[in-house]
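**Q** Okay, here's what each chain looks like letter by letter:
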Amino acid sequence: MRSAVQIAAFFGFIALFLNASHVLMGLDPLAMLANLISSHRFEQLSLAALILIALALIFGRAWCGWLCPMGTMLEWISFNKWRPKNVRLPDSWRSVKYVILIAIIAAAVLSNLTLLIFDPLTIMVRTFATAVWPALDFIINASESALNNVPAFQEPLARFDNAIRPSLLPTDPLYYSSGWIFAAIFAGILLLNLVTERFWCRYICPLGALYGLAGKVSLVRRRVNESCIKCKLCEDACPTGTISRDKDCSSDPGECIMCLKCMDSCPCSTSDFGPASSPAKFNSYDPVRRQLFLGLGAGVLLAVLFKFNPFSGRRSPYLIRPPGAGEEDMTAKCIRCGQCIKACPTGAIQPSQMEAGSETLWTPLLVMRTGFCQYSCNACGQTCPVAAIPGLPLSEKKVTVIGRALIDRDRCLPWAKGTPCIVCEEMCPVPYKAVLLRNAEVTKEDGSSVTLQRPTVLAARCIGCGLCEYKCPVEGESAIRVRALEYD
Amino acid sequence: MQDFSRRDFLRYALAGVGALLAAKFISACASPQTTHVTPQDAIPVPAIPPVEETGLPATKYPDIAVVRGGEPEALAREAVDLLGGMKRFVKKGDNVIIKPNIGPAMRTYEYAATTNPWLVAAVVKMCMEAGAGRVRVMDKPFSGTAESGFVNSGIREHVEKAGGEIELMSRFKFVSTDIPQGKDIRKWDIYEDILKADVLINMPIAKQHGSSRLTLGMKNLMGTINSAQMFHMNLHQRIADLASRVKPSLTIVDAIRILTANGPTGDNLRDVKKLDTVIAGTDIVAVDSYATSLFGLKPADVPYIGIAESMGLGTSELGKLEIKEVDLAG
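Chains A and B, in that order, are what the protein sequence lines are.
Position 414 of the first sequence, counted from 1, bears residue number 414 in our numbering, the numbering being contiguous throughout.
So our numbering is basically just the index in the second sequence, starting at one, shifted up by 488.
Some hints could be false.
[Said to hold, decoys possible] Below, a list of computed lysine-lysine pairs in the DSS-like style, where the Cα atoms sit at most 25 Å apart: (1) B:671 <-> A:444; (2) B:786 <-> B:808; (3) A:232 <-> A:247; (4) B:761 <-> B:812; (5) B:671 <-> B:548; (6) B:761 <-> A:398; (7) A:261 <-> A:85; (8) B:786 <-> A:417; (9) A:247 <-> A:230.
[Said to hold, decoys possible] To list a few chain B residues with every Cβ distance to chain A over 12 Å, as calculated: (10) 503; (11) 559; (12) 573; (13) 575; (14) 686; (15) 716; (16) 723; (17) 764.
[What the hints assert, rightly or not] Chain A side only, calculated, beta carbon under 10 Å to chain B, not exhaustive: (18) 142; (19) 143; (20) 145; (21) 148; (22) 149; (23) 154; (24) 387; (25) 420; (26) 421; (27) 422; (28) 427.
Calculated from the structure, these hints are not laboratory results.
We put the beta carbon where it would ideally sit given N, CA and C, even for glycine.
With these hints in hand, go ahead and build the complete structure from the sequences.
**A** Here is the structure:
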């Protein structure tokens with residue numbers, strides 16, 4: 001029963017992810033709450049998060065055990081067999097997730113959302129968008145190419161390919177230069193399962209911590225009655241290790257993920273789930289005083305530290321944000337969910353690294369050599385759940401300037417080599433082309449002379465979409481590059 | 489998951505390796521993908537049956553048919569009829585591919601950046617009527633996805649209504665292909681289905697392109713290859729080289745609306761001129777040559793036409809061609 005719900009929820013996640021649906025992050029109360037505090041703006045989408053909070057007030061951390069795609073993956077790839085037996089980690093480690101949660105909220109008060117990179121849903125989307133899906137695409141395309149050598153397979157293969165692209169996989173390959181980082185982080189989270197089951201959920205997950213706080217006062221909780229014989233079977237079965245025979249086989253509702261495994265394992269049916277009236281017992285790792293101050297301190301300190309940016313005042317000239325998005329939106333509104341990365345059909349949106357300092361780590365950055373901002377596309381703004389990228393109507397997006405192209409005349413073929421080329425002018429999608437071609441008589445290096453057309457950018461018409469940069473046939477760095485507006 | 493033993497793992501791994509080896513073996517047995525053709529070898533020329541085989545009256549057909557003044561379907565039917573009817577090109581059960589221009593993949597047909605959807609649908613219908621086994625419409629746009637291009641241009645809707653299929657070109661079907669007659673490029677990734685089709689019908693829209701050139705029949709063939717932007721290193725020669733390898737049986741130029749400036753993308757109705765004209769012919773060079781006149785140009789103004797002629801791909805001297813012009817409006 002629970003497995004079925006988990007599978008359904010996981011496919012639900014994949015479906016929302018594939019459609020780059022903005023609803024997905026509405027299911028994340030932590031991200032929506034942090035965004036609300038930081039941006040002082042209530043998104044209607046947060047109503048969905050309220051439903052989940054209400055659910056948590058009834059069923060505690062049931063999200064973690066039943067719905068969370070990260071939790072489901074941690075269960076599917078649990079390394080149960082390889083894990084050393086009888087490792088008991090100190091319970092005090094459980095504080096860490098509360099500290100992270102409080103730090104996220106504290107930093108959000110200071111309008112900083114960088115720490116949302118710890119949110120499990122953002123981790124899932126980021127990893128799937130930049131690593132898992134491109135890898136899947138690569139594998140499937142390679143298999144298709146191999147099988148296509150067999151004549152009998154060609155027809156079904158063509159139908160298969162037309163069925164899966166572009167709805168499930170991209171028509172042209174997408175590249176994410178930082179994909180390996182996210183793959184490594186995700187692999188690390190999975191490998192922590194080797195230390196103990198659901199290490200992430202027990203000790204790190206800030207969303208789990210938020211639900212855990214709700215779990216403390218939740219309506220339905222695990223109960224153990226007096227006839228328990230302390231056989232410790234439930235202790236072994238519990239994936240979060242919250243059942244301890246030292247405490248009469250009781251558990252902490254802030255840690256319990258309602259997986260019901262204890263109930264199934266109990267030989268004398270003493271363990272069940274039912275209504276509870278009083279708040280749960282206090283544990284040493286629960287967030288009061290020490291953890292609270294630690295979290296507040298860490299949040300404030302990090303929010304300040306993130307502001308410290310050796311490049312401030314000399315921002316990267318290639319810091320191009322999605323249409324309509326400003327730098328403040330990236331710090332104070334962007335919840336780092338990575339949905340725009342998935343939504344961008346050309347793969348132009350990449351997670352930023354340190355281009356604008358650590359404060360905007362993994363926010364959307366347009367890299368025109370890997371993709372371009374398609375003229376009649378406003379998918380990123382439509383998918384953004386928190387309006388960090390404004391949801392511009394197409395007509396408005398088409399005239400939104402995100403940067404301006406500049407030609408490097410030392411590299412441009414007609415300017416530098418005397419080779420005819422007009423690709424940038426040809427590609428320019430605006431109604432009045434922003435690239436002007438001028439006829440010129442050019443003397444080449446070998447002394448011969450040739451008449452050709454040389455491109456010049458008309459800055460007033462250029463919207464910085466980067467199609468010219470993407471298509472420029474010059475090897476390596478493009479001879480026409482879109483630069484951030486501040487550098488005009 | 490619990491009882492997945494080491495033995496199971498080895499078993500599955502072995503089966504997987506076995507399957508891979510089997511696939512390799514089968515593919516090795518299958519015919520090789522790229523045939524290395526030396527320039528001396530014959531190039532497959534699309535089979536246009538001699539007049540007597542078609543069962544149509546044995547008359548000589550004009551080189552170019554130009555039809556003006558009518559609805560897209562009427563224009564297409566009249567133009568093809570002047571050339572001997574679709575049965576001259578399409579035989580029963582033929583695998584037909586139509587290559588329109590969905591160009592920037594973001595405009596509706598009014599902007600004249602993409603081939604007229606009713607015109608494409610009319611040609612699909614004619615192919616079906618001639619007994620084609622399968623009619624596919626495909627193009628690789630230069631920006632955006634083919635999916636959005638077919639939807640925005642209206643081509644998907646009308647082609648599917650007419651009984652044709654839209655194929656979104658698959659990455660793995662662009663195969664490295666020799667271009668034996670090529671002067672500059674001798675090898676390029678070309679879509680294999682286009683090379684294998686029984687009949688390829690080229691349906692460009694006449695557009696201004698850059699400040700001195702036009703997108704016509706031969707330029708339209710750039711939608712059948714990969715890395716098209718790399719063509720621009722030596723564009724005109726390379727277009728002609730490609731035309732020596734990808735040979736449509738029939739080229740139908742859509743000049744119902746033409747784009748006269750800011751092409752090939754165009755986002756401005758001010759630049760669109762409505763001509764209600766269709767130009768068709770089997771000689772791609774001749775058709776392109778005639779189409780230059782729509783823009784008040786001469787064949788010599790478009791370099792790839794001259795280059796293609798010098799390579800023996802067709803003739804650009806309009807004086808030497810039989811041109812049949814019909815005005816449906818009277």
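**Q** Each of the hints needs a verdict: does it hold here or not?
**A** Hint-by-hint comparison with the structure:
For a cut-off of 25 Å, the pair hint linking residue 671 of chain B to residue 444 of chain A stands: about 22 Å separates their Cα positions. Our distance criterion of 25 Å between C-alpha atoms is met by residue 786 of chain B and residue 808 of chain B, whose separation comes to about 15 Å. As the CA atoms of residue 232 of chain A and residue 247 of chain A are separated by approximately 11 Å, the hinted pair is consistent with the 25 Å bound. Between residue 761 of chain B and residue 812 of chain B the alpha-carbon distance is near 23 Å, which keeps this suggested pair within the 25 Å criterion.
A C-alpha spacing of about 33 Å is found between residue 671 of chain B and residue 548 of chain B, which places the hinted pair above 25 Å, so the restraint is violated. Using a Cα cut-off of 25 Å, the hinted pair residue 761 of chain B and residue 398 of chain A holds, with the two alpha carbons roughly 24 Å apart. Only pairs whose Cα atoms come within 25 Å are accepted, and residue 261 of chain A paired with residue 85 of chain A is accepted, the gap being roughly 19 Å. Taken as a hint, the residue 786 of chain B and residue 417 of chain A pair is broken in the structure, with Cα atoms around 29 Å apart against an allowance of 25 Å.
With a C-alpha separation of about 10 Å, the suggested pair residue 247 of chain A and residue 230 of chain A falls inside the 25 Å cut-off, and the hint holds. Residue 503 of chain B, annotated as away from the interface, keeps every beta carbon of chain A farther than 12 Å; the closest lies near 16 Å. With a cut of 12 Å on Cβ distances, residue 559 of chain B stays outside the contact zone with chain A, its closest approach being about 28 Å. Non-interface call for residue 573 of chain B relative to chain A: holds, since the shortest CB-CB distance, roughly 30 Å, exceeds 12 Å.
For residue 575 of chain B, the shortest C-beta to C-beta distance to chain A comes to about 26 Å, beyond the 12 Å cut-off, and the non-interface label holds. Residue 686 of chain B, annotated as away from the interface, keeps every beta carbon of chain A farther than 12 Å; the closest lies near 15 Å. With 12 Å as the threshold on Cβ separation, the claim that residue 716 of chain B sits away from chain A is violated: the shortest Cβ distance comes to roughly 9 Å. Against chain A, the non-interface label of residue 723 of chain B is violated: not every CB pair exceeds 12 Å, the least being about 7 Å.
For residue 764 of chain B, the condition that its CB be more than 12 Å from all CB atoms of chain A holds, with the nearest at approximately 24 Å. A least Cβ separation of about 8 Å between residue 142 of chain A and chain B falls short of the 10 Å threshold, and the interface hint therefore holds. Proximity of residue 143 of chain A to chain B holds as hinted, the smallest CB-CB distance being about 9 Å (cut-off 10 Å). At its closest, the beta carbon of residue 145 of chain A sits 4 Å from a beta carbon of chain B; the interface hint therefore holds under the 10 Å criterion.
Using the Cβ-Cβ criterion of 10 Å, the hint placing residue 148 of chain A at the interface with chain B is satisfied: the shortest such distance is roughly 5 Å. Of the supplied interface hints, the one on residue 149 of chain A holds, with its beta-carbon coming within about 4 Å of a beta-carbon of chain B, less than 10 Å. Below 10 Å, beta-carbon pairs count as interface contacts, and residue 154 of chain A has one with chain B at about 9 Å; its hint therefore holds. Interface restraint check for residue 387 of chain A: the shortest CB-CB distance to chain B comes to about 24 Å, outside 10 Å, so the restraint is violated.
A least Cβ separation of about 7 Å between residue 420 of chain A and chain B falls short of the 10 Å threshold, and the interface hint therefore holds. Nearest Cβ of chain B to the Cβ of residue 421 of chain A: about 5 Å, under the 10 Å cut. The hint holds. The closest approach between the C-beta of residue 422 of chain A and any C-beta of chain B is roughly 5 Å, which is under the 10 Å cut-off, so the hint is satisfied. Annotation: interface hint on residue 427 of chain A holds; nearest CB of chain B at approximately 7 Å, less than 10 Å.
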